[in-house]
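Put the complex together from the two separate chains, hints included.
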Amino acid sequence: MRKENIFKILLAGLFVLVSLNLNAKEAEKETTGKIDTKTGVKEFVEHHLKDSHYFTFFSDGQQSEHYGFPLPVIIWDGGLKVFSASKFHHGEELVELDGNYYKLYHSKIYKTGPEGVIEYKENGFPANERPLDFSLTKNVVAMISVALLMFLMFWALAKNYQKSSIPKGFSRVLEPLVLYVRDDIAEPNIGPKYKKYMSFLLTVFFFILLLNLFGLTPLGINVTGNIAVTFGLALITFIIVQFSGSKHYWKHIFWMPGVPVPMKIILMPIEVLGMFTKPFALMIRLFANMMAGHVVVMSLLGLIFVFQNWIASPAFFGFTLFISVIEILVAFLQAYIFTLLSALYIGMAVEDHEDHPKDHSEDIPVV
Amino acid sequence: MVGAGLIVIGAGIGLGKIGGSAMDAIARQPEATGKIQTAMIIIAALLEGIAFAALFAV
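Chains as they are written, first to last, in our numbering: chain Y, 15 to 381; chain P, 27 to 84.
Quick caveat, the hints were computed from the structure, so don't treat them as lab data.
A quick note: this is a predicted structure, and the numbers were derived from the prediction, not measured.
All C-beta atoms, glycine included, are put in the ideal place defined by N, C-alpha and C.
Heads up, a few of these hints could be off.
Stated by the list, open to error - Below, computed lysine to aspartate or glutamate pairings styled on EDC-like, alpha-carbon distance capped at 20 Å:
{"id": "1", "chain 1": "P", "residue 1": "61", "chain 2": "Y", "residue 2": "201"}
{"id": "2", "chain 1": "P", "residue 1": "61", "chain 2": "Y", "residue 2": "197"}
{"id": "3", "chain 1": "P", "residue 1": "61", "chain 2": "Y", "residue 2": "198"}
To be verified - Partial chain Y-side listing against chain P, Cβ under 7 Å, derived:
{"id": "4", "residue": "298"}
{"id": "5", "residue": "299"}
{"id": "6", "residue": "302"}
{"id": "7", "residue": "303"}
{"id": "8", "residue": "310"}
{"id": "9", "residue": "328"}
{"id": "10", "residue": "343"}
{"id": "11", "residue": "379"}
For reference, chain P alone in the conformation it holds in the complex (with noise of 0.2 Å):
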């Protein structure tokens, strides 16, 4: 039960810095919106990929 809960604060202190990341990108360059939400999509696929692989387990 606790490592459940800890999988899902590292799942969401990542996505969270993932999508921090691309927020500042996006401030900096809008016309790379595209390119940028694109990448941030496929890091969060991978990132929930992990965690509820993980979740599974436990």
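With the rest of the complex left out, here is chain Y (with noise of 0.2 Å):
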């Protein structure tokens, strides 16, 4: 009994969590016509998207009400300047400090002369220069939050072992995802050697699940979607995987035993580019996962202020939801592919020397 008042509760919450959506959409709804809804509708989707220096929770299109707070702004620009994103009022006005101009132009900063002109090279983008950007964006503090959300999960789930093997509390649903990455994708890829591993996996899985399940709620967190994020990720898996390998491995790829050599030759380069061609498809996989379904489920939503009549709307709003949901079941298994092929490819670049080749079909993971 019990068990289904909690899923209806869950149920109703994430109906409500897709309804705030449609609230914060609902200050930008312009009554003039189509055309200002449409820019509208585009404002609000890059929002979303885009990383940014404010923290804004809704925005009033008609009114230019922002409501949410400014994130400090760090830049580099031969010597260390930390202001408030407010002083940049939305991109409108020119920052001046210690004799430099620094205007934001589409959520980036650049140096300007007193009058704040951006001069623009042949194709079409800026040509001012940029001083080195360490702000605290958005996207930042997100990551921050996550990784201080992480840390206090993985610590309770810690001490809770201290007191009996049977965890209490929020460690309980924790437990079977630890145990999971260890028995389904780390040990059986890897080998004997998982434990070195272990915490590389469980932090890319945990640390990639929250932030597409917080790319789901109307913060307007879009973390996973930025390439710069998830080429991180990969190159941390690229540098893990080639510290790793062994003798075995490099032979194998530059001059693979059980060939003849005119074919070792031929097939170098190929094994060289694939080398860097497996995490740089770990990178796009999820950036275009995360990026497609947010820019679908925005768009999705802003079809409904698009139509506004008595048909169309509900029926986009079951259709968003059903996405949503949709959605959900992306983010796990995007970040369950992730960490499976990084598993696989430190698997791959610690194998021991084989004599005998072994039969992998009992590798497959059970569910």
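In structure tokens, the structure reads:
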């Protein structure tokens, strides 16, 4: 009886979450015509997908009111300069600091002259110089809070094990996930040396999972849909794979045994290329899945306001809800796939000297 | 636009083949359903990765 109630509460919470998205959009509804709605929708979608120096909860397009708080801007331009992003006034004002002028243009900071002029190159992009930007933007704040959340969760889990071998509380949710990563992702793929890599795999799995789930909320945090973030994660995987490669691994890339010499020379560049394309594919897969999912959900939400009649809007609302639930599945799946493929590449790198080819048919993880 | 349609056709055919083979395999050996499902999901995710990446480039 209690389980069913909890399920109903969770489902109601999910509905509330999606309707909060609609409330955020409500403030931008224009009544003057379809063209204004379309630009309003475009701004809404961009606000969700892009990084920014403000943490905006929702904004009112008609009165240009933004409800949120500005984040600190930390730039290195000869010296370290820290100031609040509220000085930019959402890109309208020019900030003057020690004789340098900074302008916020399309969420990026450029150095300009005293007039605040942005010069363009031939391809349409700004030609102004940019200072090194280390600011705490929305994405950075989200990543830091997810890191803190993960630390708290796992610290509680570890402390729980000191009292009894059966954890209580939220650790009961974490324990099967951790065991799943250990028994079905790490151990079958890496082999007997899996303990060294467990911390990395657990971190990657929960980091990507929590960031994906954060992106589904109406706060407009789209971290894993940012190719720089996924590039960092794939780079870490790449470094770990290369540094834990045994002699056997490098031999298989550059001078594979059991193959005639002309074939070795032909296959070597392909293998080297494969060394780079595998983490590259990891990066693109996570980025494209998350970005595409967010674009679809936000566009469908916008469509509810483009068609303003009694039949189309509820239909689009139902469709958006359906797609949002699928996005939850995609969040879990992408985290699992990233972790699984990382474990697979690490396993290939640390494989020991094998005289007889191992039978790999038993290595498929069991659900 | 035509490119996007082609990409979706490719993804659809690929996923259909995976699903079909998975169904045949489960029909032959129902006790291996777990393993087959897992492998199917993995391959589906890889295929979707390519499809989305290409869709994005277009």
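Cross-check of the supplied hints:
1. Proposed proximity of residue 61 of chain P and residue 201 of chain Y is supported: the alpha carbons are some 16 Å apart, at most 20 Å.
2. Taking the CA atoms of residue 61 of chain P and residue 197 of chain Y, the gap is about 14 Å. The hint holds against a cut of 20 Å.
3. Proposed proximity of residue 61 of chain P and residue 198 of chain Y is supported: the alpha carbons are some 11 Å apart, at most 20 Å.
4. For residue 298 of chain Y, the interface hint holds, the least distance from its beta-carbon to any beta-carbon of chain P being 5 Å, beneath 7 Å.
5. Evaluation of the residue 299 of chain Y hint against chain P yields a held restraint, the C-beta minimum of about 3 Å falling below 7 Å.
6. At a threshold of 7 Å, the smallest CB-CB gap from residue 302 of chain Y to chain P is about 4 Å, leaving the interface hint in force.
7. Evaluation of the residue 303 of chain Y hint against chain P yields a held restraint, the C-beta minimum of about 5 Å falling below 7 Å.
8. Restraint check, residue 310 of chain Y versus chain P: the minimum CB separation of about 10 Å is more than 7 Å; hint violated.
9. Below 7 Å, beta-carbon pairs count as interface contacts, and residue 328 of chain Y has none with chain P, the closest being about 27 Å; its hint is therefore violated.
10. The beta carbon of residue 343 of chain Y comes no nearer than 10 Å to any beta carbon in chain P, farther than 7 Å, and the hint placing it at the interface is violated.
11. Restraint check, residue 379 of chain Y versus chain P: the minimum CB separation of about 6 Å is within 7 Å; hint holds.
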